[in-house]
Structures are given as C-alpha cells and as structure tokens.
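Peer 1: The lines below spell out each chain.
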Amino acid sequence: MSGSSRTELLQAEHLTRHFKIGGLLSRRTLHAVDDVSFAIGEREIVALAGESGSGKSTVARVLARIYKPTSGEVYFEGKPVSRIRSRRDRLRYSGLVPMVFQDPFGSINPVFRVQHGVLRSLKLHRPELPGRERAAEAARVFEAVGLGADMLERFPYELSGGQRQRVGFAQALAMRPKLILADEPVSMLDVSIRIGLLNLMTELRDTMGVSILYITHDIASARYVADRLIVMYAGQIAETGPIDEVLASPRHPYTQLLLSTVPDPRAPLSVAAETDRGEPPKVIDPSPGCRFRYRCPLAIDACAQVTPVLAELRPGHHAACHVAQKAPAEAVKAFQ
Amino acid sequence: MSIPLSLGQPAGEPRRQSTSQWAASHALARMGRAVRSNRKATVGTVLLVFFILVALFPGVIAKDNPSADAYKPHLGLSTAHLLGTTAYGQDMFAQLVWGTRNVIIIAFTVGLATTAIAVLVGVAAAYFGGLWDSSLGVLIDVLLVIPLFPLLIIIAAYAHGGGTLLLIVVITVTSWSYTARQLRAQALTLRSRDFLEAARVRGERRLYIVVMEVIPTMTSLIVASFLTNALYAILFASSLQFIGLGDPNTVSWGTMLYWAQNNAALQTGQPLWAIAPGACIAVLGAAFALLNYAFDEIGNPALRPVRKRAPQPVPQPAPRPARGSERA
Amino acid sequence: MPEVLEVSGLSVDYVLDRGDVRAVDDVSFTVGRGEFLGIVGESGCGKSTLLFAVAQLLAPPARVAAGSVNFQGTNLVGLTDSQLSAVRWRDMSVVMQSAMNALNPVKSIGAQFRDAMRAHGKPAKDEIEARSAQVLRMVGIDPVHLHSYPHQLSGGMRQRSMIAMALLFTPDLVIMDEPTSALDVVAQRSLMVQIKELQLAYGFAVIFVTHDMSLISHFSDRLMVMYAGQVDELGATRTVFDRPLHPYTHGLLEAFPSIRGPKIPLKGIPGNPPDMARLPSGCRFHPRCPHAVDKCGQVEPDLVELDEVMVRCVRRQDGSLPVTAGQEGSLSR
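Residue numbers (my numbering), protein chains in the order written: chain A, 1 to 336; chain B, 1001 to 1328; chain C, 2001 to 2333.
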C-alpha cells in the first residue's frame, strides 16, 4: 500500500499520531492513529469511514497540519509536508488543502457577514487581486456552491444549516484547492438537505477537478459520492478499496458490521437479528493483536497475538484481517 | 429549552444599510431597538445619559462655585440654594452637580481601563496557552487572592492625598484580575470552536485571530464587564473618599459624604448633606446595574420576564368520532 | 380504556416580542396500549416542542395555546406540578436526547435512581437496590455500574441507563426524544433493538421522536410525519413506507441513498423549511413541492383520511394526484 512512487496527489505513509494523557503520575499514551497509509489521487473522492474513536478526524487534522504526526510522513504532490517551514509555503499548502468542518453552527464566526471568511481567504491566498475583483470572485465562488450572490451580505444567523455548510465549501473553493478535507460535512444536517451538499461535492470533483477526502460514519452517503473507501477502526485501517467492490463483498468483519447497521427501508428487519452490543475502544497503551478481536465472532488465536496488516486480497482491495487473509477469495460472513 | 432557529430568523430581509464587514453598524441598530423595547435598558440608559449630561455641562445647571464658601452656613432649602448650604457655607446643590463630573470620570476611566487590561491578559492567556497561560494565570490568581478592599485602603493610605488620578490607578490595579479570570474562562471555551480552527487552517496569524475573531465574539461579556467595573469603581471610590483617603478638597459625592460625616450632619439636622450624595451614588449605581441586567436579557431571551397575560381558557375541540381505521 | 394517550387539537405558541409564533398547529393523534408511534420530521418542524407539550415540560416563552393531552383519561394541560407528579415517572416517563446532559455528572447512577425512586414514594432501601439492579439488567448493563459515574460509562451505556431510569416504575408510556442520535451507528442500532425488545416484553407504549426515518421504520407500528408544525401524514409504518401519500414523505424517503442496487442521482427536497413567523399561503409545503399547482397556494388542506392513512395534501384530497401517481422511483417493492 505504501508505494515508493509518489505520483498520487497526496500520499500518507505509516502515519501515526499519539496523544499523551493522564497526569504527572500516570502518563499514558492514546493511540489515535497507528501506522496508517493511503493515497488520494486527482479528481477523486475518497471516503474515510469509521465510528468515533476510529481516528478519522485525527487523520484529517494531521493532513490539515493542525497536528504534527508522531511518526510517518505525508507527501503532497510528491514533496514531504513536514519540510514546509516558511510562511509562504505554509500558506500555499493551506490553500491547496483546506478543510470543511462538521458543525454548521460553529464553523462560521457569528459576528461577521458570511462573506468575511471568503474575503479573508482571498486576501491571504490571492493577494494579487484588487478589492473590486475580490468581491467579484467572492460572488463567483458563492454561485459555484449554489448560493446566490445576494447572500454575501447576510449574517450567519439568517442562513439555514445547509446554507452555512455551503459557505464552508465556498471558503475552501476561494483558495483554488486541489484537495478538500471534508470532516463529516453533512452529519449535522437534515436528511433532505444532505443530498444537495453531496451532489455539490460530486459536482466539484467533476467540473472543477477537486479531490475530496470525505470523512463520515454513514456508509450509504459514502457510497453515493465516493470512488474509493477506507474503513478505519480504533486508529487503524481495516479495509480499503473501490467502494462498490468493498460494499458488495466486504472482507473485514468490521466493514460487515457497519454495513449491517445501514437500515434498508425496503427490507423488514427482524428485531431478533444478531446485534453487536460492543463499542469501539479507546486505544490506550494497546497490546499487539487485532483491536477488533473482542467483538469479532471469527477471531482465531493469531488475532490475539499478531496485529494484522493490510494485504491485497483482490486487485486494489486490501483488508487487515488474519481470517480474511487466510481465504482471500471468499467474502467473510461475520455479521449478517 | 431553546427557541428553535426557524422562529427567530428574519429570513429574507436584505441588509442594505452598510457594506462594512464589521457588524458594528448593524449591531448599533439592533442595540437601539433592544434598548427601546426592554424596560430595564430604557430606564438605565435614560439615567446614565442624564448623569453624563450633568457631568459634561455642570455650569448650565448650577451657577454657583461649589468650593466657594461664600454663603451663610446651615441654610435650609430655598430657591437660591436648592439643597441649602453646608456647614462651611457652600451651596450643596452646586457641589452635587459639579461632583457628578468627578464620579463619571472615575466610573468610565476605571471601567474602560480595567476591561481593557482584563481583555488583553485574559484572552492572551487563554489563546496562547502554554507558558503564557501559566505565567499570566499566576499573576491573575495572586491578585485575586488578596482581599480587595483592605488592599485598596493600604495603598490609598500610603499615598494619602494623591487625588483622583491615584484613586483611578489604585482601583484599576486591584480589580482587573476578576474580569481577567472571567474573560479567560470564556475565551477558553471559544478556543475549541470550529470557526477559530477554520481561521487557523486558512492561514491567519495568531494575533489576527485573537483580535479579529475571538474578541468580537466576546463583546457581550466585555460590555457586561465594563458595566460591572464602572459600578464597582463608583462604590469603591466613594467609599475611599468617605473614609478620607481621597483628596478631601476635590468636589465629589464621596467627599461630600466625608465632610458630612465630619460634621455629624445626620445628627445635627442637616440630613440632606449626607442623603443627597448617597442617593446619587445609589441611583447612578442602579443605572449601571440595570443596564447590566438588560444586556443579559437582550443577549439571552430565556431570561426575559414573561409577560403576564390573563389566563385564557384553553379551547377544547369538539369530540371527534372514533377513528377505528387509524389503528394499525 | 384502549388508548393510553389522546392528543386533540394541540397547539403550542411561542410568545415573542414581535408576536406569537405557533410552533405546533392543531395536532391530534392517539397512542394505543403497547403501541410504538414514531414521530418523524426535520429541524424546526415542531416535533420536539410537541413532545415537550405532551410531557408537560414546556417552559416560557412556550405555552399551550389550545387543545388537550388526555393521558389515561385525565387532561394533563392545566394541571399543577403537584398534580402532575402523581403521573410523572410512574405512568409516563421521558428519555431525553443526550444522556450526558440529562444525567447528573457528580452523582453515581445508583444515586440518581435512588433520587428518582424517592421522589415518587417512600421505598425501603433494599427495595431501591433491588429495583435499580433489575432495571439495569433489563437494559443489558451489569448492576455493578450502579456505583459508576456517568463519565465512566460509554455513550451507549449512558443512554441505556437513561432508559433504565425511565422504566423504574414500569410506566405505561415512555416518551423518547431522539435518544439515539448522539450515538455511533452500531450503538444506535443495538439500542433501538434493545428498546423494541423491552417494549415487547413489558408492554409499554412508546412515542419516539426522530429525524432518521429509515432507522425508525423497522421499529414503529405507526408513523407520523410532521412539517412546519403540522401533521402531514399519519398511518401504519409499512403502509406509509410502501406508499407515501404526501409529497414531503415521499421526498424524505427518496433522500436516503441506498446501499444496494444501482446508484441513481438523488434530488433531495429543494429549498428550506419555512420561517414559522412567515408561513406561505395555502399548503405550507407547496413552495418546495414538485407536484404543486396554483390551488396549493390558495387552499389550506386539512388532515383527512385517505386509503387507511391520514394525509394533508390538497391534490391528494381532490383526486388530482391519484394514489398511484407521484411515487415514481419510490423505494417500495
């Protein structure tokens, strides 16, 4: 998975991020992200799926350079991100890899008009634009995300949740990005509004050639927009591959579990269906072995001793599971 | 329970008053409306404006020189002397009116200075964190722990006779730490808000974020701090003057109380000498306090008083026929 | 008494400076014994306000403007707090959205159960302990956690202890306000299954408010869809799902991307819910409705029974949108 050729737009290699927790007397380490490697290409939407504690938000924040990795490296356009030092380079990177946040009510400063963020982005990242052109560009970017130019002068409290998230995308677009890190952009929106934002994301990919890292816990929306899927569990990648392939025949038991929770309105659910009562662990000072083994009905001895690594089971389709790797041709059946 | 968003939005109203980025002009218009509609705000504003006008133009109202002991002492109320004269033959009304200036100056100067220092220290501590937070935090906490009023007395006693400026400095130095702690706490909660992270991610410098993104969202707390500090400035300054630690020759309400006390005004039949300045302190203090409550209510609709309405009988609908087909 | 709850013509107003705003408009429904009613709607539709009104938890500036809430024969509207406490928790209990906000962070779970039990009677100490352990076991939590504090439990366990607390007196009706939305998907699903199992085992009725229609569809007996303060559709869950009559319900169902089958581009519902202070004329949904005609902006439709389902739609009622039409691309069959 960690290729030596750095031709992709963004490549993460053995990314690890730990946090120190506890007081002076009991220092412990929270393993938020452990040895994660993946790549994102041009014009591609990659979905990063997982529940809370999976490390998906931490990965995004490392890519956004909010956190420095504890170890490992991120390569953007072939160059290591850790070498970025000067203000000019930092600014350039933050313009090419902006982030869109989850909470529509917290991600815009309530005191200013909604154009404030876009205008600041333009001022910082495209300083060559004079004032009048900046305003025109702001209007253009608003229209590109489906907001009328008349909304520029509104205040955040006048906008709905969906409209505010579009403002978030507009702020990112103003900087002419190559890769947008979208951290659960639709989770806090009403269901009927989500589709509009999801359609916007596919449109950005198709017409503007922007890649998007779509972080979510909702596999169904991931299927709707993404080309590839990365499933994370407890700080590690469980499975990754082209999205239709992974969803049609998941190899990792956790992927199966996630799939089983997506309610299918058509199928009547029997209440007595096998349900998993466990919750994702907080990974503090973990021992080796698969972190899903406590909830996995297929766990074997090796699962408690050796941490599984991603192995290619089918072309482009990788899973980190001892059981799956023993029988790569079959789809595992852990959760129905 | 909070009011759902869709009930409060004046959606669709275009804002055309100004194109300035800042909400300042917009905020002023909103404040104007809020002041008119909230009774506490109206009363507080009227009183405060009244006192400010008196402080600005004392000569218009009281023609006499307040310090001149040119009249016969112990005069009662009359048209020439609206409040009579003091034991030293000074016109009490003129003293009261001219004293307003001193009090207003102290209130506003201390209020502004205290709030400004507190904002700088508190927000910097919260936002920069780390060593800044630790060291500034220690400074704040040390000042907090020292009992305020005894400290004031000690400092003022050492610099006896220093006058209004010293009073202002002393009160400011001893009271900024309370507000700094409050503002630091609020800034800490704001630190994790997404819009600050968004500003950081788009490449803003830290100082810009603190000044332009954090502080504007704290305006309601900053205004409340100013009002509280102004109120306490009046009370502390008057108290210090009353016990003789201010310059007794300044014309102020507190010094009037000092001289009244010295001459046992209440016991010797000159009650107005003590009551008049005391009442003024109370009323001006109330003006600031009312404005403080009003700003709270304007900012948080849940605190507004519920209008009492005559209990209306809840209309009962006519009994409907049983809808058997409703049940599954 | 076949019904546990009968709500008739309930309207709730918010008393604001600029005038009263009606958040819940003339809502009527019943809940039978042991029935699971799902109330579905998006933000601002009034479902939470409706829930608070039924549970008599409205605080100013909200107030009941009209209607009655008949709980087992007694109208709860207008009762004083002391009169309500006879009913509260014994016969009707409430589970809130976020346990972390509803549970006292400085008291152990057991202490909070004890407080709840003492508030409604004078049980003996061993009675309290026995019952507390019993309800925890009912929701699948080891009774050793009676000594735990909320922050020591995971999100799913906290929500389950809220539900356990709600079942302390085996009420006849449990009202739930989005109890699963703060949880992860796997925990959500297992909690829903748990709730349904308990309901079937102990026979209490449930009113479950949520915005997640697909989740509720597997557990509710009847479904009520709310929009802009009104009930737009009400009927048996399966019927509403297979054949949604109201264009809003249809739009909601269409807004769920499917996990199987061909990938088709979806449209969602364009526009936004209306500002409750400035409602559109006629049908409240017509500005966003793909089937709207002129009449929809002129006539305010009533909630009327049509083919075993109550629906509020001008065109369905006058027959200009026949029942088989308007369901192209529907998820059924």
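Please note: incorrect hints may appear among the correct ones.
Said to hold, decoys possible - Which chain A residues face chain B? A few, computed with CB under 7 Å, are given here:
| no. | residue |
| --- | --- |
| 1 | M99 |
| 2 | G106 |
| 3 | I108 |
| 4 | N109 |
| 5 | S287 |
| 6 | P288 |
To be verified - Cβ-Cβ distance ranges computed for the label pairs, FRET-style:
| no. | chain 1 | residue 1 | chain 2 | residue 2 | range |
| --- | --- | --- | --- | --- | --- |
| 7 | B | I1146 | A | G148 | 53 to 63 Å |
| 8 | A | E42 | B | D1141 | 45 to 55 Å |
| 9 | C | D2242 | A | P242 | 32 to 42 Å |
| 10 | B | G1130 | A | K333 | 28 to 38 Å |
| 11 | B | L1131 | C | P2262 | 18 to 28 Å |
| 12 | C | L2057 | A | L25 | 43 to 53 Å |
| 13 | B | A1282 | C | P2287 | 37 to 47 Å |
| 14 | A | G131 | B | T1219 | 22 to 32 Å |
| 15 | B | L1131 | A | E77 | 52 to 62 Å |
| 16 | B | T1042 | C | R2033 | 50 to 60 Å |
| 17 | B | L1131 | C | Y2202 | 56 to 66 Å |
| 18 | C | Q2134 | A | F105 | 32 to 42 Å |
| 19 | C | V2015 | A | P127 | 49 to 59 Å |
| 20 | C | L2057 | A | T207 | 42 to 52 Å |
Unchecked claim - Derived contacts from chain C toward chain A, CB cut-off under 8 Å, selection only:
| no. | residue |
| --- | --- |
| 21 | S2028 |
| 22 | S2043 |
| 23 | Q2083 |
| 24 | V2106 |
| 25 | R2189 |
| 26 | F2256 |
| 27 | P2257 |
| 28 | K2263 |
| 29 | L2266 |
| 30 | G2268 |
No lab work stands behind these hints, which were simulated from the structure alone.
Only a predicted model underlies this, so the values are computations on that prediction, with no experimental measurement involved.
Beta carbons are placed, not taken as given, at the ideal position from N, Cα and C, and that holds for glycine.
Peer 1: Next, verify each hint and record whether it holds.
Peer 2: Here is what the structure says about each hint:
1. M99: holds (5 Å)
2. G106: holds (4 Å)
3. I108: The hint holds - I108(A) has a Cβ within 7 Å of chain B, the shortest such distance being about 6 Å.
4. N109: holds (5 Å)
5. S287: violated (32 Å)
6. P288: violated (34 Å)
7. I1146(B) to G148(A): 53 to 63 Å: Check passed, 58 Å falls within 53 to 63 Å.
8. E42(A) to D1141(B): 45 to 55 Å: holds (54 Å)
9. D2242(C) to P242(A): 32 to 42 Å: holds (33 Å)
10. G1130(B) to K333(A): 28 to 38 Å: Since G1130(B) and K333(A) have Cβ atoms about 52 Å apart, the given range 28 to 38 Å is violated.
11. L1131(B) to P2262(C): 18 to 28 Å: Violated - the Cβ-Cβ distance for L1131(B) and P2262(C), about 59 Å, lies outside 18 to 28 Å.
12. L2057(C) to L25(A): 43 to 53 Å: holds (44 Å)
13. A1282(B) to P2287(C): 37 to 47 Å: With Cβ atoms ~56 Å apart, the hint is violated.
14. G131(A) to T1219(B): 22 to 32 Å: Holds - the Cβ-Cβ distance for G131(A) and T1219(B), about 27 Å, lies within 22 to 32 Å.
15. L1131(B) to E77(A): 52 to 62 Å: About 36 Å separates the Cβ atoms of L1131(B) and E77(A), which means 52 to 62 Å is violated.
16. T1042(B) to R2033(C): 50 to 60 Å: holds (55 Å)
17. L1131(B) to Y2202(C): 56 to 66 Å: Hint holds: Cβ distance 58 Å, inside 56 to 66 Å.
18. Q2134(C) to F105(A): 32 to 42 Å: holds (41 Å)
19. V2015(C) to P127(A): 49 to 59 Å: holds (51 Å)
20. L2057(C) to T207(A): 42 to 52 Å: Holds: the Cβ-Cβ distance is about 49 Å, inside 42 to 52 Å.
21. S2028: violated (25 Å)
22. S2043: holds (6 Å)
23. Q2083: At 37 Å from the nearest chain A Cβ, Q2083(C) fails the 8 Å test, so the hint is violated.
24. V2106: violated (20 Å)
25. R2189: Hint holds; R2189(C) Cβ to chain A Cβ min 4 Å, cut 8 Å.
26. F2256: Holds: closest Cβ of chain A sits about 7 Å from F2256(C), inside 8 Å.
27. P2257: holds (4 Å)
28. K2263: holds (7 Å)
29. L2266: This hint holds: L2266(C) lies near chain A, its Cβ roughly 5 Å from the closest one there, short of 8 Å.
30. G2268: Result: holds, 3 Å to nearest chain A Cβ.
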